[in-house]
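Based on these hints, arrange chain B on the given structure of chain A.
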Amino acid sequence: MAEPIIELRDISKSYGQVYALGGVNLSVDRGEVVGLIGDNGAGKSTLIKILSGVVQPTSGEILVRGKPVTGWSAARSRDAGIETVFQDRALAVQQTIVRNIFMGRELTGWLGWLKVNKEIEEASRLMREIGFTSKVFTPHSIVGQLSGGERQGVAIARAIYKKAELIVLDEPTTALSLTETAKVFHFVRQVRASGRSILFIGHNIHHVFDIADRFVVLDRGKVALAADRSEVKSAEDLINFMEDVAHPGGLPGLHDANDAGRAAQ
Amino acid sequence: MSKTMEPDLQSPLGGTHNEAAGKEWRHPSDNWLRGFILDNRAALGTLVVFIVMMAVFMIANPVVFTTWYLYSSVLTTLPVALFVVVPLVFVVTCGEIDLSFPATMGFASWVFALVVQAGYDPFLGIAAALLTGMLLGFLVGSLVVYGGLSSLIATLGMNFLLRGLIQIINEGKSTALTSLADSWAYKIFSSQLYGIPVQIFWAIGFVVLSALLYNRHRFGAQVKVVGDNPDSAQQMGIDVKRVRVKVFVFVGIGAAIAGTFSVMINFTWWPTAGDGYLLPVLASVFVGGTPTWGGIGTVVGGAIGAVTVSFIQTGVVAAGLSGFYVQFFNGLIIILSLLGHKWNQARYR
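Protein chains in written order, with my numbering: chain A, 1 to 265; chain B, 266 to 614.
Heads up, a few of these hints could be off.
As the list claims (entries may be wrong) - Pairs of lysine to aspartate or glutamate residues, derived as DMTMM-like cross-links and limited to a Cα-Cα distance of at most 20 Å, are as follows:
id, chain 1, residue 1, chain 2, residue 2
1, A, K135, B, E289
2, A, K49, A, E243
3, A, K163, A, E122
4, A, K163, A, E3
5, A, K67, A, D79
6, A, K118, B, D295
7, A, K49, A, E165
8, A, K67, A, E121
9, A, K222, A, E3
10, A, K233, A, D213
11, A, K162, A, E121
12, A, K67, A, E122
13, A, K222, A, E180
14, A, K135, B, D304
15, B, K452, B, E436
16, A, K115, B, D496
17, A, K163, A, D29
18, A, K67, A, D10
19, A, K163, A, E121
20, A, K162, B, D504
21, A, K135, B, D295
22, A, K115, B, D295
23, A, K118, B, E289
24, B, K607, B, D304
25, A, K162, B, D496
26, A, K163, A, D10
27, A, K162, A, E122
28, A, K49, A, D10
29, A, K49, B, D304
30, A, K135, A, E122
Worth flagging that the hints you see were computed from the coordinates, not collected in a lab.
Looking at chain A on its own, in the form it has when it is part of the complex (with noise of 0.2 Å):
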């Protein structure tokens, strides 16, 4: 039924003697949000870097479309739509939301001139898309004045701009409050009922839990979990989960829903 957009299959990685990944095998669908949970130093930059063309996996195939690809660079996954909005870099933030949408690819007429209304019109049609609405900014309203939520709005504004297929959101709500994070869900939503699809990767379970479809998780380097979110009854069940494979032993006290974020971490 769904056609995935991309698929790798048994990736992994080494640094010289040191394993970053080893075997992971991950899908995502088109109109899909997946979530990739996963510590510290489980493997999610390496796999992200991967996705992103930026780093050659050791061995293991990767498919676009359902074809093998061959020859994996930044440039193959720019082709195959593969966004990735990095947290922290990704916006230059004395700049208007205008120039930061068109970063690298203004509108330009005669001579390398702006077009500057049609970018206005341009960005405000990406912004409704994605839902960001605002009463208060203009398309030249600058990005330093927005707030960390509305920023990833920016940042996912510009990657549906580059005609991305599948945006990979690199912990997009890590350092956000609850209402700037659920300002990110709605964006998230909505690219969703475009028909585009999302890797969201972060290590706060809850998070990840209210907003994808489908669960990965990450654990040195090899997937300990991957589910459907109709099997996974609550957060709990994944955070219990996600003990088990940190401590396999099991440590008392340690099983409550408050203790989420320490466990994740």
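For chain B alone, coordinates are given in the frame of chain A:
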């Protein structure tokens, strides 16, 4: 019937939905006056500083400050500074600095002087000077960008190196270019029009074109983004190094024009041509409201800063104070301007 209508109305991408939401992103021109003031507050602040300063001078010596001669003399020398202040705004916005422009001014104008002295048309000399400026800008830029050197130190070094080269070869001797006075180039670039030095019109044209380049062109957009967040710019496919080299080439071009104009004003080329501009030009950029940390800046503000700095020099002497006060007032205006801009500019990083 109503049932069949429902999905259409609720579709997140349905036309009705977009129409309604369309009102929510306002066009920046909805409140253009407020937007204009906010966008240009650095330049407007500099303008206020300039007006207050001129008012003080007027009160101090009404006779001198209402005679045209004073303004005429400022308008003769000011354009030379403007041609380098404006490109420097681009460099500082890009997160770099260029201290080699005085030597580039000297070098390019030397080439101009050589061509004119050899009996060729001054227009050919201007073309040769521009080419020299571009090449030197490219050289300095490549050294900084591809050599991975600190622009502060590397351009300072290049300034000494190029100036030293000029001095070694010329042994301190100047070149008189009396033939310039009869040339077309002089009439077009350096004569007077209704008593107004014609070079100021060229300088204003240069400032306007550069302001458009800064605000309405891909080049300016990329310079700002590179100065703001080079990592992000790189990730978005901007050739960051190329943009950085380009701003140094732009300074080279500006310095070549400035150097040529300074020779045409005096009919003489000195081996020290351009040297005196280093500090006033740098001061103008920052008095104009371009911050040191990169990413933002103002071309028009820089131009007003240059006007302010030029008038300090003339104004202090004309107001009846001795030349010793010039430095003091220069410093005072710089410090006051920086304090004003700090209060005026929200800083996001």
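Those earlier numbered hints the structure runs against, lowest number first:
When the structure is compared with the hints, numbers 2, 8, 9, 12, 13, 15, 16, 26, 29 turn out to be violated.
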